[in-house]
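Please take these sequences and the hints and turn them into a complete structure.
First to last, the protein sequences are chains L and Y. Taking my numbering, the leading residue of the first sequence gets 159, the next gets one more, and so forth. Taking my numbering, the leading residue of the second sequence gets 42, the next gets one more, and so forth.
Treat the hints with care, as some may be off.
List of simulated lysine to any residue pairs, SDA-like, C-alpha gap at most 25 Å [stated by the list, open to error]: (1) L:Lys232 with Y:Arg143; (2) L:Lys232 with Y:Lys111; (3) Y:Lys135 with Y:Cys87; (4) L:Lys185 with Y:Lys207; (5) Y:Lys74 with L:Lys175; (6) Y:Lys111 with L:Ser262; (7) L:Lys175 with L:Leu233; (8) L:Lys232 with Y:Val130; (9) Y:Lys75 with Y:Arg146; (10) L:Lys232 with L:Ser260; (11) Y:Lys75 with L:Gly288; (12) Y:Lys111 with L:Ser260; (13) Y:Lys207 with L:Gln363; (14) L:Lys232 with Y:Leu147; (15) Y:Lys207 with L:Ser364; (16) L:Lys232 with Y:Thr43; (17) Y:Lys74 with L:Lys232; (18) L:Lys232 with Y:Lys75; (19) Y:Lys207 with L:Thr184; (20) Y:Lys207 with L:Ser373; (21) Y:Lys111 with L:Val255; (22) Y:Lys75 with L:Phe289.
Quick caveat, the hints were computed from the structure, so don't treat them as lab data.
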Amino acid sequence: MSKVEKQPFSKTMTEIKNVFLDTFLTKNIVLVQAIGITPILAAGVTLQKGVVLTLCTAAVLLPASLFMSLFGDKLPTWVRAPIYSVGAALILLGAAVLLDRSVSNELYASLYVFLPLTAVNTLVSYRAGGFSVSHVPVVALTDAIASSLGFGLVICVVSALREMASFGTLWGETLNFAIVLPEAALPYAAFLLLGFMAAFLQWIQSVIARRENASVRLNG
Amino acid sequence: MTDFIKFILAAAVLQNVVLMTGFGSSVMIRISKKRTNILPFSALLCIFATLTVLVCYPLDLLIGTSVISKYIRPLMIVTVTALLYIASVVLLRKRFPEVFSRISRLLPIAAFNNLVIGIALIINHQFSVSLPGAIGLSLGACAGFLLLSWLTTEGMERLDNPDVPKSFRGLPSVLIYLGILSLALMGFSGSVSMI
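Dropping the structure here:
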């Protein structure tokens with residue numbers, strides 16, 4: 159069915175619910191689909207940076223997904239990528255000025271390389287440039303929100319753990335840790351953390367699937 | 042010439058850009074799933090990364106180091122990449138339509154990714170480097186991407202076996218494998234990054 163054809167409200171609601179749960183949790187954008195790993199590896203070393211990168215990702219992904227859902231199928235395939243990438247870079251220019259002037263100059267300086275990279279993050283190219291084009295705006299927006307939240311959850315957990323391990327702080331507040339491992343701020347630690355988090359998610363899903371199968375057998 | 046060779050070696054092997062900075066890691070994991078895509082994708086990546094650096098290098102000098110130029114530099118790099126991408130599409134569609142139809146799916150991912158934009162950004166931001174050094178860094182980064190993609194494909198094939206615990210099969214084991222590779226490289230080259 160074409161995305162412009164009208165479908166019953168209940169069907170759209172079911173699709174919205176499924177898209178949200180899949181992208182945010184069961185097929186998490188980072189831990190299952192391996193999308194958006196770069197900023198987590200390189201810049202996810204303090205919780206503040208994790209939160210800033212999540213907000214910037216949402217600020218880029220939401221309008222890009224909405225735009226591609228509304229106009230994507232009217233554009234030739236090869237034109238889409240430059241449009242949403244340059245558009246995203248423009249939004250991030252505003253975000254950079256805001257962060258530098260109104261929030262923290264130090265935070266902006268430490269994210270100078272990684273903030274603009276959000277414009278060409280795989281999150282934008284695969285979700286806005288891929289998924290959104292073939293879906294109605296409300297579903298595309300739901301996917302963008304779920305993608306931002308799914309990415310945000312993972313980067314914030316990884317950033318918080320790395321900040322505690324490498325600097326002995328959380329959100330800049332000193333924690334009384336006896337052991338501090340500065341190496342946790344290096345990319346290998348993020349790869350290992352992401353690997354164990356992805357395995358944990360697969361384990362939870364297999365436990366849920368086993369319980370569901372057992373209850374179906376009991377009821378059947 | 043020394044800079045050129047030094048940066049090629051550093052970015053490709055000693056301090057592999059993908060493992061040490063994370064640039065292009067998501068794309069690398071996806072590309073590694075299909076062995077036949079690795080070489081054409083890395084070649085396209087190399088073309089876009091080197092051309093972007095070549096065009097942005099003089100533009101960087103032109104816009105200077107004022108506060109405004111600091112804000113507009115990322116937008117300039119993305120716009121240059123977009124123009125290079127459009128030029129390559131137009132050229133391929135007119136002159137080599139068969140080649141275009143074969144690589145049209147890889148082309149936007151090769152042009153718009155963290156590796157291409159990231160290399161152009163760090164060349165100006167973190168250190169001042171000569172033009173041969175900048176070209177060496179972008180070529181080395183793409184060679185490093187190719188090398189790591191092959192290693193990841195080999196790793197994926199070997200990790201796809203029943204000895205791996207069920208929860209770790211697939212992406213988790215690949216991420217841990219890349220983490221161990223990154224750790225090994227850090228042990229080999231030290232934790233002080235040149236890139």
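Status of the hints after comparison with the structure:
1. L:Lys232 with Y:Arg143: holds, 23 Å
2. L:Lys232 with Y:Lys111: violated, 35 Å
3. Y:Lys135 with Y:Cys87: holds, 22 Å
4. L:Lys185 with Y:Lys207: holds, 17 Å
5. Y:Lys74 with L:Lys175: violated, 30 Å
6. Y:Lys111 with L:Ser262: holds, 16 Å
7. L:Lys175 with L:Leu233: violated, 28 Å
8. L:Lys232 with Y:Val130: holds, 18 Å
9. Y:Lys75 with Y:Arg146: holds, 14 Å
10. L:Lys232 with L:Ser260: Not satisfied, since the Cα-Cα distance of roughly 39 Å exceeds 25 Å.
11. Y:Lys75 with L:Gly288: Distance of about 19 Å is within 25 Å: holds.
12. Y:Lys111 with L:Ser260: With a Cα-Cα distance of about 16 Å, the restraint between lysine 111 of chain Y and serine 260 of chain L holds, given a limit of 25 Å.
13. Y:Lys207 with L:Gln363: Judged against 25 Å, a Cα distance of about 11 Å means the pair holds.
14. L:Lys232 with Y:Leu147: The given pair, whose Cα atoms are some 21 Å apart, holds under the 25 Å limit.
15. Y:Lys207 with L:Ser364: This hinted pair holds, its Cα atoms lying about 9 Å apart.
16. L:Lys232 with Y:Thr43: violated, 50 Å
17. Y:Lys74 with L:Lys232: violated, 31 Å
18. L:Lys232 with Y:Lys75: violated, 30 Å
19. Y:Lys207 with L:Thr184: holds, 17 Å
20. Y:Lys207 with L:Ser373: holds, 22 Å
21. Y:Lys111 with L:Val255: The given pair, whose Cα atoms are some 10 Å apart, holds under the 25 Å limit.
22. Y:Lys75 with L:Phe289: holds, 21 Å
In the structure shown, a violation is registered for the earlier hints numbered 2, 5, 7, 10, 16, 17 and 18, in ascending order.
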